[in-house]
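**Student:** Sequence:
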Amino acid sequence: MVPTGIRAGLGRVLAALLLVGGVAGTAVPAHAAAPESPLRTIVPAPVQVTPRPGADFALEPDAKILTQPGSAEARKAGEHLAGVLRPSTGYRLPVTPGLVGKGVVLLLVGADHRVGAEGYQLDVTRKAVFIRARTGAGLFAGVQTLRQLLPARVEARTPQPGPWTVPGGSVLDYPRFAHRGAMLDVSRHFFSVDEVKRYVDQIAAYKVNRLHLHLSDDQGWRIEIKSWPRLTTHGGSTEVGGGPGGFYTQEQYKEIVAYAQSRHITVIPEIDMPGHTNAALSSYAELNCDGVAPPLYTGIEVGFSSLCIDKEITYQFVDDVIGELAAITPGRYIHIGGDEAHATTDPDYQTFMDRVLPIVAKHGKVATGWHEFVKTGPDPSAVAQFWGTSPDAPTLVEAAARGNRIVLSPANRAYLDMKYHKDTPLGLSWAGYVEVRDAYDWNPGSYLRGVPESAIHGVEAPLWSETLSESAHIEYMAFPRLAAIAELGWSPSAALGWDGFRERLAAQGPRWRAAGVNFYASAQVPWQS
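Numbering (our numbering), first residue to last: 493 to 1021.
You may find that some hints are simply not true.
Cβ-Cβ distance ranges computed for the label pairs, FRET-style [said to hold, decoys possible]:
id, residue 1, residue 2, range
1, 693, 946, 31 to 39 angstroms
2, 685, 554, 35 to 43 angstroms
3, 734, 824, 31 to 39 angstroms
4, 687, 545, 42 to 50 angstroms
5, 853, 998, 42 to 50 angstroms
List time: in silico PhoX-like cross-link candidates among lysine-lysine, alpha-carbon distance up to 25 angstroms [as the list claims (entries may be wrong)]:
id, residue 1, residue 2
6, 689, 568
7, 594, 568
8, 746, 718
9, 568, 619
10, 854, 867
11, 803, 854
12, 854, 718
13, 746, 854
14, 718, 803
15, 556, 619
16, 556, 594
17, 556, 568
Derived from the structure by calculation, the hints contain no laboratory data. From the three backbone atoms N, C-alpha and C, an ideal C-beta is built for every residue, glycine too.
Input sequences plus hints: build the corresponding full structure.
**Tutor:** As C-alpha cells, this is what we get:
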C-alpha cells in the first residue's frame, strides 16, 4: 500500500509528466477511431480512445520499464511486459522502480475511478508510455493493450528488426462483465501442464480472466484425489480413441493455478456429476448401484452414466473429492457439472443436488454448474452456466428472479469445438456450424429472453476435446473465435459491431503468425498480411 500523502504526490508528478509529454487530443469511442490509427485495431475494443498524431513513442535499446516504487504488483506487471518484449526486440529492458525515464511507466495511482478493479488508462507521449490502474489486474490488462499497439512482430520469440513505435494517444478501458472465461476439456483428451500454460498465455492476451478446467468425464479422470487413488491410476489411464490419457498430480494442478494467477486468471475446476462419471464408476465398484464396475470408456456418446444416488458412499466420495480440490483451489468457485444426467431420474437428481450443494458450501466454495442444475432451486449464490441453443430458457428466467447469476455459453455461438463449416477437419456440428460472425454477432446483455443484463455474470467459450489432441488443434478451433467471445465479455455494448470487429480482428492475424498460433483464417475476415 502507498500512504495517502505519497499517493497524492505521485499523482501530481504523473500529471506533470503527462503535460510535458504533450497530451492533447479529442476522445472518441474506441470503435469510432480513425481507420488509419493503430488504436483502431485493439481487441477487445476499449471504452474510449484518444488518438494524438505526432505524439508517437519509440521504444529504443536504452528503454526501461519503470514501476511504482514499493509496489510488488506493479513490479510483476513490469516483469511480464519485459518477458514479452525482450525476445523480439533484443533489448535489455531492465525493470526498476521509478517515475522518470524513457520507457514504459506502470503506476497504481492517478487512474480514473471508472477503471474499477480490472480497468486501466494508457497514455502514449513522445517521452514515455504510462499505464495507470488501481490494481495489478488492471496494469496487466493495460500491458495486453500495449502489446497490440506495437508492431505485430513483437509477438515473435526471436529477435526481429525495429523500429518499435507506439502510436500517440490515450486509452480509457474497463470490462463490461466480471466473468470472461474460456473452458478447456482435458477429460476427452488429456493436455499436459505446458499445453495448458500455452493456452493460458493465449487467452490472457485478450483479457480473459477465468479458466474453467473440465477435469472429469466418462472418458477420463484428470486430477489426483489422494483419498481415492484409482480415480487417476485407473480412471485417468485412457481417453477418446483409446490413447494413454494422463492426469495432473495435485502439485501439477497447483502449478497451473499459480501460472494462471500470474496472468490474473482464476481457475475454476469442474468435477462433472452425477452423470459423465464413467471413469469414476470404473475406478470404484462401490459407486455403482449394482456394485459392478463398468469398463473404461473411449467413445463420445453421453448421458449413460450416473453415480448411485441412494448410496451413502456416493456422498462421502463427493465430500472427499470436493474437499481435496477446494483445498488446492484459491478461487471462489467449484463447478459441479450437472448436465446431461439422462441416466438419473428427476427425483434422484433433486436428491443428489440437495446433498451435494451443501458439501460445496461446507468447503468454503460457491457452486457453479451447467444450467440444468437450477431446476433444483439452488441457493441464490450459485451460478448457472447456460449452454443451450435457444434464447428461451424459462428455468433461467426463474433462477435470475431468485438471484442466481448466469454465465452465457450458448453452444451455437460460444462452443469453440463446433466446426466452422462442413469441411472443417476438426470438431463436431451437433449445435450447427459456428463461423466467426456467428460467434460474435450476439449481445450477451439481451440474449436470454426475460433475463435482464444485471443477472448476467459474463460469458465463457467452452472447448470440448472429443476431436482435439494437441495444442495446434486447440488453437485452430479457438482462434479467431476466442477473441470474439472475449470482446463480448469485455467491451461496452456501444463498441460492438461486426463490421468494425472484422477489421480489428484482421490485424490480429500477423500477431498470431508471429507467435506461431495455428489459427483458422476465416474468409469472413480481411486478414492483414
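**Student:** If a hint holds in the structure, say so; if it doesn't, say that too.
**Tutor:** Here is how each hint holds up against the structure:
no.	hint	result
1	693 <-> 946: 31 to 39 angstroms	holds, 33 angstroms
2	685 <-> 554: 35 to 43 angstroms	holds, 37 angstroms
3	734 <-> 824: 31 to 39 angstroms	holds, 37 angstroms
4	687 <-> 545: 42 to 50 angstroms	holds, 43 angstroms
5	853 <-> 998: 42 to 50 angstroms	holds, 47 angstroms
6	689 <-> 568	holds, 18 angstroms
7	594 <-> 568	holds, 19 angstroms
8	746 <-> 718	holds, 14 angstroms
9	568 <-> 619	holds, 23 angstroms
10	854 <-> 867	holds, 22 angstroms
11	803 <-> 854	holds, 20 angstroms
12	854 <-> 718	holds, 19 angstroms
13	746 <-> 854	holds, 21 angstroms
14	718 <-> 803	holds, 21 angstroms
15	556 <-> 619	holds, 12 angstroms
16	556 <-> 594	holds, 6 angstroms
17	556 <-> 568	holds, 15 angstroms
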